[in-house]
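J.: If you want the building blocks of each chain, they are given just below.
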Amino acid sequence: MISSDVIRGYNDTIILYLLLDNDSYGYEISKKIKNLSDEKYVIKETTLYSAFNRLMKNNYIESFYKDETFGKRRTYYRITQAGIDYYKEKCKEWELTKEVINRFVKEEY
Amino acid sequence: MDTIINYLDNMFATLPKNKKILDLKEDLLSSMEDKYNELKRNGKSENEAIGIVISEFGNIDELIKEFDIELDDQSEELPMLTENEVNDYLEVNKKASKLIGLGVTFCILGAALLILITQLIGDGLITGVSDNYAGIVGLIPLLLLVAVAVGLFIYSGMTTDRFKYIENDFELPSHLRQSIKNKSNSYDPTYTKAIIIGVVLCIVSPIFLFITAPMSESASSYGVVVLLMIVSVAVNIFIYFGMKKESYKKLLKIDEYTHSNKQKNKVIGAIGSIVWPLAVIIFLVSGLVFNQWHINWIVFPITGLLFAMFSGAYSILKEKN
Numbered sequence: 001m002i003s004s005d006v007i008r009g010y011n012d013t014i015i016l017y018l019l020l021d022n023d024s025y026g027y028e029i030s031k032k033i034k035n036l037s038d039e040k041y042v043i044k045e046t047t048l049y050s051a052f053n054r055l056m057k058n059n060y061i062e063s064f065y066k067d068e069t070f071g072k073r074r075t076y077y078r079i080t081q082a083g084i085d086y087y088k089e090k091c092k093e094w095e096l097t098k099e100v101i102n103r104f105v106k107e108e109y
Numbered sequence: 001m002d003t004i005i006n007y008l009d010n011m012f013a014t015l016p017k018n019k020k021i022l023d024l025k026e027d028l029l030s031s032m033e034d035k036y037n038e039l040k041r042n043g044k045s046e047n048e049a050i051g052i053v054i055s056e057f058g059n060i061d062e063l064i065k066e067f068d069i070e071l072d073d074q075s076e077e078l079p080m081l082t083e084n085e086v087n088d089y090l091e092v093n094k095k096a097s098k099l100i101g102l103g104v105t106f107c108i109l110g111a112a113l114l115i116l117i118t119q120l121i122g123d124g125l126i127t128g129v130s131d132n133y134a135g136i137v138g139l140i141p142l143l144l145l146v147a148v149a150v151g152l153f154i155y156s157g158m159t160t161d162r163f164k165y166i167e168n169d170f171e172l173p174s175h176l177r178q179s180i181k182n183k184s185n186s187y188d189p190t191y192t193k194a195i196i197i198g199v200v201l202c203i204v205s206p207i208f209l210f211i212t213a214p215m216s217e218s219a220s221s222y223g224v225v226v227l228l229m230i231v232s233v234a235v236n237i238f239i240y241f242g243m244k245k246e247s248y249k250k251l252l253k254i255d256e257y258t259h260s261n262k263q264k265n266k267v268i269g270a271i272g273s274i275v276w277p278l279a280v281i282i283f284l285v286s287g288l289v290f291n292q293w294h295i296n297w298i299v300f301p302i303t304g305l306l307f308a309m310f311s312g313a314y315s316i317l318k319e320k321n
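Top to bottom, those sequences are chains A and E. First residue of the first sequence: 1, per the numbering used here; consecutive thereafter. First residue of the second sequence: 1, per the numbering used here; consecutive thereafter.
Bear in mind the hints are in silico, worked out from the structure with no lab data behind them. Wrong hints could be hidden among the right ones.
Taking lysine to any residue and the SDA-like style, the derived pairs with C-alpha atoms no more than 25 angstroms apart in a straight line are [stated by the list, open to error]: (1) K31/A with G124/E; (2) K44/A with K25/E; (3) K65/E with D23/E.
Some chain E residues near chain A, calculated using beta-carbon distances under 10 angstroms [unchecked claim]: (4) L24; (5) V53; (6) F67.
The model shown is predicted, which means the values in this text are computed figures rather than measured ones. Note that beta-carbon positions come from the ideal geometry of N, C-alpha and C, so glycine has one too.
Let the hints inform the model, and build the full structure from the sequences given.
T.: In structure tokens form, the structure reads like this:
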């Protein structure tokens, strides 16, 4: 289980990644995070919706309503071009972070 | 599912109810509902499902921070006053004004007693006490009365404490507002008369001094005693009637108690409970340390006049605004 403090800076990256291929909504995204991380990371609702708000403010994603088959209306999110650019940037940043941190990590001591 | 809805309602209870927040709440509920349904489908019990959904909710502060929610904006959360509360408030305020008025009267009467006892001993009307101890004997009732007065100030402050929310802001049902307005209007002539009587008393209070002063020094001391007693009655009138008037104004949010210009209630009473003990302290210090007993009583009529001017000017100015 990953602590939310450690992963904070990368919630945006995770959400943007999950929106790259298709639009999605809150619960689906949180479920995918849980599954793809082998249940090692479960994002809190408040963290998820704070991230949505932040990403929308920066125009990295946009929201729209979609009616489901049995009449339930859901808020969906779609990634924008600016969001894709930002995602690429974050990926580069992560490569660098990983490289730097790895220099301070020892397997055995 | 009801448990989850209640949980979310509680989390959002203190937040403002604008569209953005309500949309957010709806999205959160929808997401939590999805999660709950899926957990149930996967064979979790009702309690397990609720437990997991709530434990994965997170911290509402995170949203408050991110959405930059102004928690102060609680315009819909103002307490609505009931008839009982209003009557309670008026009743408690009335009692408090009596107590504060009484306390102030005690402060002044204590000083009058000091002068009276000292003079009576000096004139040999009270025997068995030597002149050296005359001042001390007179001080005892003064200090006792001041102690009682301070107790009264503190007690009256405590009784009005539970109406603190009226000091802040509240909603008043219109029928209640009308009935308070009627009461306030019918009280106005009484208030005006009381203020006039108080001011007249203050003005005529030195008369006995003028009459007795030419007779002898000891006679003038008795004149001072009468003067102080009249002043104490006048001050009592200012406080009692002034505070009642203020409590109406407070409830009706008029004059200084309007939305934009809220001030502390009981201004006259509050000033009174500070100024009068202060006058006693000045009286005591100037007497005990500087031995100015023959003239220092003047602080009481002066304070009385200033206090009368203040309460009068305060009421008039506030009414004009």
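J.: Mind listing which of the numbered hints don't hold for this structure, in increasing order?
T.: Failing hint: just 1.
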